[in-house]
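S.K.: Those protein sequences? They're chains A and B, same order as listed.
Each residue of the first sequence is one higher than the one before, counting from 1 in the numbering used here.
Each residue of the second sequence is one higher than the one before, counting from 1 in the numbering used here.
Think of the hints as simulated: they come from the structure by calculation, not from any bench.
Heads up, some of the hints might be wrong.
Copies of the same chain are indistinguishable here, so a pair counts whether it falls within one copy or spans any two.
List time: in silico DSBU-like cross-link candidates among lysine-lysine, alpha-carbon distance up to 35 Å [to be verified]:
#: 1; residue 1: Lys433; residue 2: Lys34
#: 2; residue 1: Lys169; residue 2: Lys433
#: 3; residue 1: Lys85; residue 2: Lys44
#: 4; residue 1: Lys441; residue 2: Lys289
The structure presented is a predicted model; accordingly, all values stated were derived computationally and were not measured.
Protein chains: 2
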Amino acid sequence: MNSQNSADKTNKAIYDRACNVLTGGVSRNTIFRKPHPYYVASAKGSYITDIEGVERIDFANNMASLIHGHSHPAIVDAVTDQLQKGTAFTMGTEAEVAFAELLIERSGRFEKIRFVNSGTEAVMTMIKTSRVYTNKPKIAKAEGSYHGTYDYAEMSQTANPGNWGDIDKPNTIPVVEGTPQGAIDDVIIFPYNDIERTLNILDQHANEIACVLIDPVPHRVGLFPATNEFVEAIYNWTRKNNSLLAFDEVVTYRVNYAGAQASYTVNPDLTALGKIIGGGFPIGALAGKSEIMEVLDPRGKILRHPHSGTFSANPISTTAGRVAMELFDEKAVLSLNTLAMKARYQIEESIKIADVPVSITGAGSMFRMHFQANAPTSYREAFQTKKTKDLINEFIDYLFLKENIIMINTCACMFATTLTQKEVDRLSEAMLKGFKLFKPKLEQLSY
Amino acid sequence: MNSQNSADKTNKAIYDRACNVLTGGVSRNTIFRKPHPYYVASAKGSYITDIEGVERIDFANNMASLIHGHSHPAIVDAVTDQLQKGTAFTMGTEAEVAFAELLIERSGRFEKIRFVNSGTEAVMTMIKTSRVYTNKPKIAKAEGSYHGTYDYAEMSQTANPGNWGDIDKPNTIPVVEGTPQGAIDDVIIFPYNDIERTLNILDQHANEIACVLIDPVPHRVGLFPATNEFVEAIYNWTRKNNSLLAFDEVVTYRVNYAGAQASYTVNPDLTALGKIIGGGFPIGALAGKSEIMEVLDPRGKILRHPHSGTFSANPISTTAGRVAMELFDEKAVLSLNTLAMKARYQIEESIKIADVPVSITGAGSMFRMHFQANAPTSYREAFQTKKTKDLINEFIDYLFLKENIIMINTCACMFATTLTQKEVDRLSEAMLKGFKLFKPKLEQLSY
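Could you build the full structure based on these sequences and the hints that come with them?
M.R.: Right under this line is the structure:
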């Protein structure tokens with residue numbers, strides 16, 4: 001690292017340097033905030049200290065990816081040990097086998113796994129695998145839901161009232177300018193949790209849909225769970241139409257011991273994983289039925305889906321992930337969900353006391369606040385106008401700068417096992433202060 | 001890890017377990033070999049010991065990704081230190097800034113960087129960025145060249161005589177079954193290093209091509225460099241037709257201090273990086289001109305290319321990468337290339353002594369053997385029939401099992417700075433023995 005005197009170690013100074021070498025000064029839009037992002041010096045458990053020495057409580061956990069907070073000793077120890085043995089080889093390691101065994105035993109629903117490097121790669125591989133298996137070109141996904149940056153997976157994630165079209169047949173809206181029309185034409189959009197409309201839409205493309213892609217608790221839609229009726233209806237539709245049910249559990253695998261999918265009476269054919277299963281290191285995984293996963297088998301006479309990846313299944317990510325998931329056992333899941341529920345309850349109390357038009361949605365160890373009195377039940381209801389978005393940013397900044405609380409920029413919390421009642425109390429007190437302070441602005445939004 | 005007694009610690013026993021949980025028993029086709037892959041116990045420098053205690057010399061370096069071999073002490077130390085401070089945050093770190101500064105200073109050609117998690121992600125982001133900037137839907141790429149697993153980037157990577165079509169207008173052949181026709185239609189294929197045909201083909205799609213994607217020393221095409229005339233001709237074509245020149249240097253950045261691109265009189269607009277820049281950890285990066293990279297800027301009024309990634313620019317990969325690239329200074333590049341050249345020369349001697357129809361291609365610290373007397377100059381010339389492929393596998397197995405030498409399965413070596421004259425001598429001796437042993441089979445191939 002460049003030697004700098006401490007006067008140069010301000011968040012603004014680092015960002016000024018960053019602007020010379022990184023587009024917009026960041027490598028992930030997630031960390032951007034005005035007038036500049038903040039830079040971490042060190043982090044332990046649920047506390048992050050920035051380079052100016054300010055300590056904050058972390059309720060974001062790197063976008064839900066750290067189930068045990070920062071620098072967990074058991075993970076640090078296991079990785080430190082593996083470091084001495086190497087980090088990547090043109091050969092296998094027992095680490096990938098042991099971790100796949102753990103995930104399959106844990107899930108009870110997965111038969112085979114393939115590791116990749118990110119959630120984006122996991123969803124891309126899931127979609128490609130679905131196309132091979134069904135020999136169909138299109139996918140269907142929910143309006144507003146985020147599934148990484150693969151063109152097909154990201155359609156309509158940011159659809160807005162100006163372009164989303166009729167709810168009976170939502171437009172397919174690309175996220176990135178210049179997305180080829182061919183990709184747009186191959187994605188069907190349906191309204192989340194709306195059984196009748198979704199089935200109608202799917203029926204119009206009955207012979208073309210390789211998979212129906214679902215995040216069972218989609219953060220960007222509004223962070224409320226898919227109903228069992230909805231998932232069942234789609235499952236039944238896929239059985240009738242030789243299509244696959246593909247779950248994106250990159251974020252939601254934390255919801256139950258065996259993932260959010262354990263909440264439903266039917267099982268997905270394929271599941272994309274990522275985030276917490278890496279124990280803080282880059283990872284993604286595709287899990288599913290043997291019969292379908294077989295299209296990836298390198299022993300096949302014809303390679304139907306040739307697939308590799310330089311860092312896929314590397315022993316650092318698979319070791320860290322295994323330790324993290326071993327620690328996140330049934331008891332840990334239960335106690336984390338209980339703590340998150342407690343926090344949600346305390347924030348609901350804060351909302352009542354401050355008497356502000358705010359609602360909460362969520363599942364398991366995740367929840368999200370909405371600046372509207374009634375909790376949204378659809379993407380279009382949860383959609384934020386520019387005015388709302390600006391107010392949320394202001395509120396998030398208030399929490400970050402004045403209350404030393406780190407939250408996801410949608411006003412969401414993704415808990416880690418290192419949080420305790422103490423931090424939850426700090427959170428609900430901070431929220432109460434914030435709600436009182438922002439009350440006039442919050443009430444104005446309703447008009 | 002499951003506790004096992006040592007009798008269970010055979011490569012076959014691990015693979016048997018793997019087959020129950022991983023499709024085909026592997027998570028990367030690269031590591032697969034018949035009847036089973038081999039599993040690493042530990043690795044140091046250029047030596048890997050498998051779980052049965054067999055030590056081998058590593059000339060593959062995890063598919064060219066480890067420029068300093070395994071467990072380099074400076075990288076281990078830096079990562080061990082960062083581990084104590086955390087591995088990923090919803091905030092920035094100075095590590096990403098310092099590393100971007102280093103890469104930009106080193107290159108002299110890059111103006112801005114964005115980090116991602118893999119070479120696949122880097123190429124995908126490069127293609128998407130090209131489409132935004134030019135507002136054109138298609139890309140052009142070379143027949144046979146590998147650019148990761150994004151549908152558009154992987155077209156015609158495995159084209160064969162049965163489907164590749166007329167060399168004047170090569171067919172676009174998808175790698176994965178079920179690839180949508182829309183994606184196929186958006187990729188134009190040209191024959192590498194063939195200026196006249198390539199320009200003719202590009203001209204037929206002059207208004208539609210967002211970028212021409214080139215790996216300057218494409219491993220799968222045959223591992224020979226693009227000629228300066230070829231690169232210049234494409235560069236000039238892109239200037240005339242409002243298109244971008246996009247280099248995939250995920251593998252080739254090792255060739256010169258400032259990448260293989262430093263060998264040419266013209267500069268690419270965008271460059272995808274990966275492999276060695278991660279210091280053994282998952283990484284990818286997009287580098288290029290500020291004006292183009294700006295489409296990713298989160299400060300824009302309209303987000304033209306919204307983009308994030310949970311583990312992008314994480315401080316482990318950027319710290320390991322910075323240390324690795326600092327150590328890979330001008331002197332180290334020169335001395336590594338000299339050693340690889342020496343190895344190539346010694347193997348050429350072995351070929352002469354054994355009098356076998358084998359040729360070598362390569363650049364910098366990489367070379368590849370071809371089981372044909374004259375070095376191929378095109379993908380179609382380098383293309384291996386099933387018979388050739390089987391013989392190469394047999395030869396690679398011989399080296400691995402009898403000579404304890406690890407090579408890439410195309411019969412290629414990607415050197416690391418931990419190799420010395422001693423290992424090079426072992427390599428050329430082993431090759432000589434192998435060539436003599438395989439001579440009848442090698443000669444038979446020529447008929």
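S.K.: Does each hint fit the structure? Answer for all of them.
M.R.: Going through the hints against the structure:
1. Lys433 with Lys34: The answer is within: 22 Å in one copy meets 35 Å, while 65 Å across copies does not.
2. Lys169 with Lys433: neither (43 Å within a copy, 68 Å between copies)
3. Lys85 with Lys44: Answer is both; intra-copy 25 Å and inter-copy 7 Å each pass.
4. Lys441 with Lys289: neither (50 Å within a copy, 42 Å between copies)
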